[in-house]
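K.L.:
Residue numbers (my numbering), protein chains in the order written: chain A, 1 to 359; chain B, 360 to 718; chain C, 719 to 972; chain D, 973 to 1226.
None of these hints come from the bench; they were simulated from the model.
Fair warning: this is a prediction, and the values are worked out from it, not measured in the lab.
We put the CB at the ideal spot given by N, CA and C, even for glycine.
Hints should not be assumed to be uniformly reliable.
[To be verified] Lysine-lysine pairs mimicking PhoX-like chemistry, simulated, CA-CA at most 25 Å apart:
1. C:Lys-751 / B:Lys-568
2. D:Lys-1169 / C:Lys-874
3. B:Lys-409 / B:Lys-566
4. B:Lys-571 / C:Lys-751
[Stated by the list, open to error] Derived Cβ-Cβ restraints for the label pairs, each shown as a range:
5. D:Pro-1213 / C:Lys-874: 30 to 36 Å
6. C:Ala-904 / B:Asn-590: 38 to 44 Å
7. C:Pro-806 / A:Glu-44: 31 to 37 Å
8. B:Gly-678 / A:Met-359: 58 to 64 Å
9. C:Lys-874 / A:Asp-158: 53 to 59 Å
10. D:Glu-1205 / B:Gly-678: 32 to 38 Å
11. C:Asn-875 / B:Asn-590: 17 to 23 Å
12. A:Ala-193 / C:Pro-868: 24 to 30 Å
13. B:Thr-570 / C:Tyr-723: 28 to 34 Å
14. A:Ile-183 / C:Gly-870: 51 to 57 Å
15. B:Asp-557 / C:Tyr-723: 41 to 47 Å
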Amino acid sequence: MDKKIAFMKGNEALAEAALRAGMTGYFGYPITPQTEVIEYLCKEAPKYPKFTVLQAESEVSSINMVYGAAAAGGRIMTTTSSPGFSLMQEGISYIACADIPCVIANVQRGGPGLGTIQPSQGDYFQSVKGGGHGDYKLIVFAPNSVQEVVDYTYNAFDLANKWMCPILILSDGAIGQMMEKVILPEPIPARTAEEMRDEKPWATNGKGKRTKRNIITSLNIQSDAMERRNNELQEKYRRIEGEEVRYETYKADDAEILITAYGLSSRVCKKAVDIAREQGLKIGLVRPITLWPFPTKVIDEFASKPNVKFFMDVEMNVGQMIEDVKLVVNGRKPVYFYGRTGGILATAEEILEQIKAKM
Amino acid sequence: MDKKIAFMKGNEALAEAALRAGMTGYFGYPITPQTEVIEYLCKEAPKYPKFTVLQAESEVSSINMVYGAAAAGGRIMTTTSSPGFSLMQEGISYIACADIPCVIANVQRGGPGLGTIQPSQGDYFQSVKGGGHGDYKLIVFAPNSVQEVVDYTYNAFDLANKWMCPILILSDGAIGQMMEKVILPEPIPARTAEEMRDEKPWATNGKGKRTKRNIITSLNIQSDAMERRNNELQEKYRRIEGEEVRYETYKADDAEILITAYGLSSRVCKKAVDIAREQGLKIGLVRPITLWPFPTKVIDEFASKPNVKFFMDVEMNVGQMIEDVKLVVNGRKPVYFYGRTGGILATAEEILEQIKAKM
Amino acid sequence: MKEGYTLVYKRPDTLLKTRMHYCPGCFHSILHKLIMEVVEEMGIQNDVIGVSPVGCSVFAYDYMDVDFQEAAHGRACAVATGIKRTLPNHPVFTYQGDGDLAAIGLAETMHACNRGEKFSIFFVNNAIYGMTGGQMAPTTLEGQITTTSPYGRDPKNVGYPMKMAEMVSQLPGVAYCERVCLNNPANVRKAKKSIRKCFEIQAQNLGTTFLEVVSNCPTNWRLSPIKTLDFVENNMLKYYPLGVKKDVTATEEK
Amino acid sequence: MKEGYTLVYKRPDTLLKTRMHYCPGCFHSILHKLIMEVVEEMGIQNDVIGVSPVGCSVFAYDYMDVDFQEAAHGRACAVATGIKRTLPNHPVFTYQGDGDLAAIGLAETMHACNRGEKFSIFFVNNAIYGMTGGQMAPTTLEGQITTTSPYGRDPKNVGYPMKMAEMVSQLPGVAYCERVCLNNPANVRKAKKSIRKCFEIQAQNLGTTFLEVVSNCPTNWRLSPIKTLDFVENNMLKYYPLGVKKDVTATEEK
C-alpha cells in the first residue's frame, strides 16, 4: 500500500487520505451529504489495528470525543455537515482555547435551518470568523477538487500538530459526492505508543516518566490569566498568518477584472475566465485556498494595480467572503458580488453576464 | 403594578422587563453570569398565572423549547452566556429560517473555551455574522445600562413579532451583575388565548376555525425552494436595515477623532471623550445600539467629513466590530483598534493614551 | 356511499390525499394512517399539534392534515415541551425515529419523560437510520449489518441495542408506555387502540405517554417488504418484546 | 516518621499540597483524597487520566497529581470516551456533579454506559448546582428549596429526582454500579473500597464502572456542615438508597 491512483468520491477520498495520514481515531455522527466518510472508515477499520472509529450519539458528543482523544495524543478527525457543525461550536471553541490539534471537515449543505442537502458555501462566516464564543481561529482549507481534499486532509494532521490548532477542511456536498481521479499519497506508518508520547509531550496520556503531570484545560478564571491566554493565541495567529497562507491565481497577471472565489464556485469561475479570455476580456481569478489565514497580500497587490478595474466575488451564499475581500481592497476598487443559494451553482455564463453588467 | 422606579441588578431587571412585556414562557439553563434571570422568574412566576418558566436540561434543549413555544404562539424568551450561546447556534439557525419571533439574551463572559466568568464582548461575530450555519441574521441590541436592558427587552417581543425574527439582547457579565436605578415600564396585560390566536394567525396552535392547518418548518429540500426562502429572508433583512437601525452619538458633531464602541465599553469611552474635551481634544463617540442592522449611514457620514482624522474602535475582545466599521469607512480614514480581554475593561485614560499615540 | 353497502373502512379525512414518499412496504404509512384515524375518531383534528423529526418522517406534515412543526434532529421532545407548556389544553404528539429519539435526542427524550410532559411520543423503531441511508442506530440488533456496522453490530465495541420502552417506563413521569408492532392486522388493530390510549391519558394530564412502534425498513435492511415481516417476527420482536410496560390507569383500577 | 510509631494514616503523595477551594464541610475534598489514595495504592499514578467537569470540581486538577483534562459542561463522558479509545490500556475516570452528569450530560452519560466504555465514572450527587449558586438539579429532592425551585421542587411540574445509579445499572454495558456516601467514617471506608473496585473492574475491561457518591452542599443547602449530615441521612439516603446496584463480577462468582 503506497502511492496510488484511484477514482473516488470526495468523501471516501477524504477518509482514505486521513487513514494514510496515520489517523488513529475518528468520531462522527451520520449527516447527509458526508456520511460516506464514517461508512468508508467502518469498512476499512479492520486493516488498521491502531485505528479506532466510533459512531457518536450526536455531533455535540463527537466533537468532545475528538477533544478527549486528541488531548490524549491521538491523530484525530471528525466530519459533519452544516447543522452538525453548528452543534460543534462550543466544543471547537474549547479545543481552540486549549491548543489541541485535530482535523474537522464540514461538507456544507444549504441553510439556514434544516435547509437542504444540496451543496452550499453558507458557513464561511461560521468557519472563518468563529462560529463559537470568544476570539479564536481555525486554519480553514477550501479545496476545490477531490485531489485537493486528499492533499489538504493528508497534510492537516501534521499542520495541526505544528500549530497546536484545529484544522478545518471546508468543502461542500458537491465536492463530497462527486467522483474524480486522485493520486493517493503514501501511507504514513502507524506510530508506536512510544513515538506518540515523544511527539506530543504535552498530551494527557498518563504521567509516565515525566516529572510533571499534564493538564489540558480551557479554563482561565482570573482575568489576567485569560487575557494572557488570549494574547498567546493572537500571537500564534499572527505567526500562522505569516506562514500558512495558500492561494491560487488563474490568468490574473494582466487581468483588469478579478474574480474572487473559493472551493466549488472557483471551478465555475475558472471556466468563466476561460470564456472571457476567448472573448478578449482581461478577466482573472484569485482563489483563496486558506480562507483563514486569508490571502491578504496578493489581493492587496491586485487592488493597488492601476489596470485593475474591479473585483467580483462569487460565492454559493448571499455574500460572506466578500467582507474579507473588501477589508483588503479597502475602497481602492469596487468589489461586487454574485451568489446563488440553496444548492444552485451559478453557471460560467451567468457569472460573465454579471461581470459584463458592471463593465 | 404599573410604571415603577427601582434599583435593580441587570439580570433581574431583564427578567422583570420581560414579564412586564407579557412574556408567556421562559426556558433556560443555569450559567454564570446570568443565572439570576431564571432565579428571578421562578420566584415571580406565581404572580403570573399565564406565565410558564422551565429549567431545561441544557441550552440545546432550551433553545428548542423556545422554538416550539414561540411557534405555538407564545411570547417566549431564553437567556444564556457565551458557551451556552454556542450550544444554541443550530437552534437559532432553525428559528431564523422558520421566521419565528422570540427573544434571546446573551450575557457574555470571557472566552474562548470555558474561559472566565468575567465580562467580555467576544461574541460579536457570533451574534452579528451568524454563529450558526447558513445566511441568517438576528436583530442585535447592545444595551449599555440596566435601563437600556429593560427598554430593549421590553420592546423586543413586539419587534420580534413585527419582523418574524429572533431578537438578541447582547450584554455582558458586568451589565448583568451591576445594580442601577431603572424606570420599569407599564406591564402589558396578559393576552387571552383568543387574542393570542388573532395576533399570530401563522402559529401552530391547533387548526381551530382556520380553513388550513399551519406548518412551521425550516426544511426546503428542493434547491429552488431553498433559494426562494433565502431570497425572502434577505428581502426582509434589507427592510430591517432600512427601519431598525439605532445608535447614539456623543459630542461627535465637531469631532476630529471618533471612537466607535458599544455596550459596556461605550460607557468608559464616554468618559474618555469627556476627559479629552476638557483637554481641548475634539474627540466624539458613535455608539451602535443595534449591532445588526449596523448604523452604516451615520458612520459613512462621519467618514466623509474632511475634519475627521481617524476612527478608534474600542471593544472587550481582540477586534470584531472593527471589521464592520472598516467596511463602512472603506479606506477613507484610518480605523484603529484598542481592546482588552478576559474581563478587563480598558480605563478612560488608557483609551485616551491609545488615541493620543495615533494623533 | 352506495345504497345497501355498510362502511367498513375509509381513508380518514385527517390524512391528506398526497402520495407518500415512503418506500414500498414501509410501516410509516400505516402508522400515519392509524394516528390520523384516532385523531379523527376523537374529534381532535382542530386542536392537535404534531412534531416531526429529522429522519424519514421529516415530511410527516405533508400527509397529516393537522398543525405541525418540524423539529431539529433529536429535539422533538424539547419542541413539544415548548408547545405543550404554551398550550396545555391542546393534544400534542411527537413522531420520531430511533436515531432521532434514542441517539442525538436521548437527553431530551429522557428528561421530557422524567418531567412527565403531557404529550404523546410515537417512537418508530426500525433499528436503522433510514433517510441518511442505513447507518447503525442505538436500536440496531446485535450482529445486524448496517453501513456503519458493516461486519455486524458488535456489542463489545458499541454496546447492546437500547430498549427505549423499558428505559422510559422506569421514569415516574411516564403514565403509559407500550411497545406495539404493525407486522400483521391483529397487531395493527392493537396499535391503533394504544394510540388512542396515549391521547386519552394525555387528555387526563397523567404524564407522558410513550408508544414504541417496532417497524421495518425494506430498503436499508435490503429485504423485500414481505421478508421484512419475517425479520420483524424472528429478530426484532425477540429482542423488543411487545406489551404494556407501564400504565398508571391500570394501577389505579386495581 | 518517628521511631516507635506505626503509620496509620498519611496524606497520599498523589494529592497535591494545595489548599482546596471547597467550602468547609463539603465532601468533595474527602472524595478527592479517597480516589488519590486508591490511585496511589494501586500504583497507577503514572498511567491514570482524570476528566473534570464544569461545576464545583472544575478545579479537581489543581489537587490530584495525575494527568487531567477539563471537559465542557456535560461532556466528560464523551471526552473520556475519546481518551480511553485512544489509550485503551490506561485507567481513565471522570469526576462529575449532578447538573453535569444528569442534566446537560445525560445523553453522553447514558450512551457511554450503554456502549460499556471502559472507564470509571465518579458521580457526586449533592442534589443541587453548587458552582452556579444553588439551582435545582435533576437530583434535587421533592419539596427541596433551591434558587430555581424557591417554593420547593414540585414533581408535578418538573418531575421526580432522577435515580442515576438505578438508571445506568439497567444498561448492559455497565459492569459495576454502586451508590455510596461519605457521611460517616464507616461509609467513607466503604466508598474507598468501591472506588478500588471500579478501577479493578476497569482494568479487567468488563464494562463501565459507575459510582454514585451521595454528597452534601453546606453553602447552597444553607445548613451548617454538621446539619448537612442529618439532611443526608434523613432525606438523601431515604430517596437514594445505598448499595451495589450491579456487579458483573459477583454474578460470575455465583
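K.L.:
Decide, hint by hint, whether the structure agrees.
P.N.:
These are the hints, each one checked on the structure:
Straight-line distance between C-alpha atoms of C:Lys-751 and B:Lys-568 comes to about 23 Å, which keeps the hinted pair within the 25 Å bound. Our distance criterion of 25 Å between C-alpha atoms is met by D:Lys-1169 and C:Lys-874, whose separation comes to about 21 Å. Taken as a hint, the B:Lys-409 and B:Lys-566 pair is honoured in the structure, with Cα atoms around 22 Å apart against an allowance of 25 Å. In summary, the hint linking B:Lys-571 to C:Lys-751 is supported, as the alpha carbons are separated by about 19 Å, within the 25 Å threshold.
For D:Pro-1213 and C:Lys-874, the hinted distance range of 30 to 36 Å is satisfied, since their beta carbons lie about 31 Å from each other. A C-beta distance of roughly 52 Å is found between C:Ala-904 and B:Asn-590, which places it outside the suggested range of 38 to 44 Å. Our hint of 31 to 37 Å for C:Pro-806 and A:Glu-44 is violated, since their Cβ atoms are close to 52 Å apart. Taking 58 to 64 Å as the suggested C-beta distance range, the pair B:Gly-678 and A:Met-359 does not conform, at roughly 36 Å.
The hinted range of 53 to 59 Å is not satisfied by C:Lys-874 and A:Asp-158, whose Cβ atoms lie roughly 33 Å apart. For the pair D:Glu-1205 and B:Gly-678, the beta carbons lie near 56 Å from each other, so the given range of 32 to 38 Å is not met. The supplied range of 17 to 23 Å is broken by C:Asn-875 and B:Asn-590, whose beta-carbon atoms lie about 47 Å from each other. A hinted range of 24 to 30 Å for the beta carbons of A:Ala-193 and C:Pro-868 is consistent with their spacing of about 28 Å.
For B:Thr-570 and C:Tyr-723, the Cβ-Cβ distance of about 31 Å falls inside the hinted range of 28 to 34 Å, so the restraint holds. The hinted range of 51 to 57 Å is not satisfied by A:Ile-183 and C:Gly-870, whose Cβ atoms lie roughly 34 Å apart. One distance hint, 41 to 47 Å for the beta-carbon pair B:Asp-557 and C:Tyr-723, holds here, with the actual separation near 44 Å.
Consistency with the previously given hints fails for numbers 6, 7, 8, 9, 10, 11 and 14, ordered from lowest to highest.
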